[in-house]
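Enquirer: Sequence:
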Amino acid sequence: MNLIMFDIDGTLTASDVMDGECFVQAVRDVFGFEDVSSDWSLYRHCSDSGVLDELFHTRVGRAPQPDEVAEVQAHFVKLMEASIAAQPLKAIPGAKELLEVLLTESRVAISLASGAWECSARLKLRSAGLDFPHIPGAFADDAHAREDFMQASLQRVAQKHGREEFDSRVYIGDGVWDVRASRNLGFGFIGIASEQSRIQRLRDEGASVIFPDFTQRDAFRAALETARGQSRM
6 MNLIMFDIDG
16 TLTASDVMDG
26 ECFVQAVRDV
36 FGFEDVSSDW
46 SLYRHCSDSG
56 VLDELFHTRV
66 GRAPQPDEVA
76 EVQAHFVKLM
86 EASIAAQPLK
96 AIPGAKELLE
106 VLLTESRVAI
116 SLASGAWECS
126 ARLKLRSAGL
136 DFPHIPGAFA
146 DDAHAREDFM
156 QASLQRVAQK
166 HGREEFDSRV
176 YIGDGVWDVR
186 ASRNLGFGFI
196 GIASEQSRIQ
206 RLRDEGASVI
216 FPDFTQRDAF
226 RAALETARGQ
236 SRM
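Residue numbering for the sequence shown follows our numbering, starting at 6 and increasing by one per position.
Hint data in this document are derived by calculation from the structure and do not stem from the laboratory. Don't be surprised by glycine CBs; every beta carbon is placed ideally from N, CA and C. Certain hints may be false.
[Claimed, not checked] 30 Å max Cα-Cα, derived DSS-like pairs, lysine-lysine:
# : residue 1 : residue 2
1 : K165      : K101
2 : K165      : K95
3 : K83       : K101
4 : K95       : K83
[Unchecked claim] Pair by pair, the computed Cβ-Cβ distance ranges are:
#  : residue 1 : residue 2 : range
5  : E39       : C124      : 16 to 26 Å
6  : L108      : G66       : 41 to 51 Å
7  : E110      : R49       : 16 to 26 Å
8  : D40       : R112      : 43 to 53 Å
9  : T63       : R112      : 29 to 39 Å
10 : R222      : H62       : 41 to 51 Å
11 : A227      : Q70       : 26 to 36 Å
12 : V22       : K83       : 27 to 37 Å
13 : T231      : K165      : 25 to 35 Å
14 : E110      : D40       : 21 to 31 Å
15 : R49       : Q160      : 15 to 25 Å
16 : R237      : R67       : 35 to 45 Å
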């Protein structure tokens, strides 16, 4: 059985800009943090929990307390709900159709590994028409580092399918941090990006196969086969 693991923001949902704006506003409104960069490549860990932890350590000198995390999560979701009400999110073209097909294939396992907190990730998926609650996943609630919540997602999908390991593992993502984590864990990688600057950043990090979306079904399936051959167990 082959595992295909998906990122969410910028990969399955066209939500990365809205997500960044709401996160920056949430930490400003709740904690008074000004001049927070939404260039996630500047942070040690590109995840909601990782960025918040880094902001707290650099500005307050300590880690955030659980009640502080819960407070900013609630405000973050409230801001996103208002933004989505004004302009619903869209799925990356072809994402829903691809997921629906893959979920019918007995030799394929699907999971999610996102740097978003689960409360926001599920909201974005629902808004974009990608509400597949039975797909196992791991999120920023599970760990700061992408490698760690990818490992958590791997464990959960393996448990769901009663397996200790998969024949191959491929990660689908849109960020340079996705390429790095995939390389560190021995996953094959396929990039999703349509802007030339983002395509170039992925290529500079080592991504060799990049699609603008999921509409090129045959080409994408061929790329999956190639990426499976690149995965290391």
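Enquirer: 27 to 37 Å was suggested as the range; check whether the CB atoms of V22 and K83 agree with it.
Expert: At 18 Å between Cβs, range violated.
Enquirer: Quick check: does the Cβ-Cβ distance between E110 and D40 fall within 21 to 31 Å?
Expert: Roughly 47 Å apart at Cβ, these two residues miss the hinted range, so it is violated.
Enquirer: Straight-line Cα separation of K165 and K95 no greater than 30 Å?
Expert: Satisfied, since the Cα-Cα distance of roughly 29 Å is no more than 30 Å.
Enquirer: Range first: 41 to 51 Å. Now tell me if the beta carbons of L108 and G66 are that far apart.
Expert: holds (46 Å)
Enquirer: Does K165 pair with K101 here, judged by a C-alpha cut-off of 30 Å?
Expert: holds (22 Å)
Enquirer: Can the suggested window of 25 to 35 Å be confirmed for the beta-carbon pair T231 and K165?
Expert: At roughly 26 Å between Cβ atoms, K165 and T231 fall inside 25 to 35 Å, so the hint holds.
Enquirer: Can the suggested window of 41 to 51 Å be confirmed for the beta-carbon pair R222 and H62?
Expert: The hint (41 to 51 Å, Cβ to Cβ) holds, given that R222 and H62 are roughly 45 Å apart.
Enquirer: Does K101 sit within 30 Å of K83, going by the straight-line distance between their CA atoms?
Expert: Measuring from Cα to Cα gives roughly 25 Å; hence the hint holds.
Enquirer: Okay, E110 versus R49 on CB: inside 16 to 26 Å?
Expert: Once the Cβ atoms are compared, 37 Å apart, the range 16 to 26 Å for R49 and E110 is violated.
Enquirer: Could you see if the CB distance from E39 to C124 stays within 16 to 26 Å?
Expert: holds (25 Å)
Enquirer: At the C-beta level, are R49 and Q160 separated by a distance inside 15 to 25 Å?
Expert: holds (23 Å)
Enquirer: In this structure, is the beta-carbon distance linking A227 and Q70 contained in 26 to 36 Å?
Expert: violated (49 Å)
This entry does not satisfy hints 7, 9, 11, 12 and 14, going by the numbered hints stated previously.
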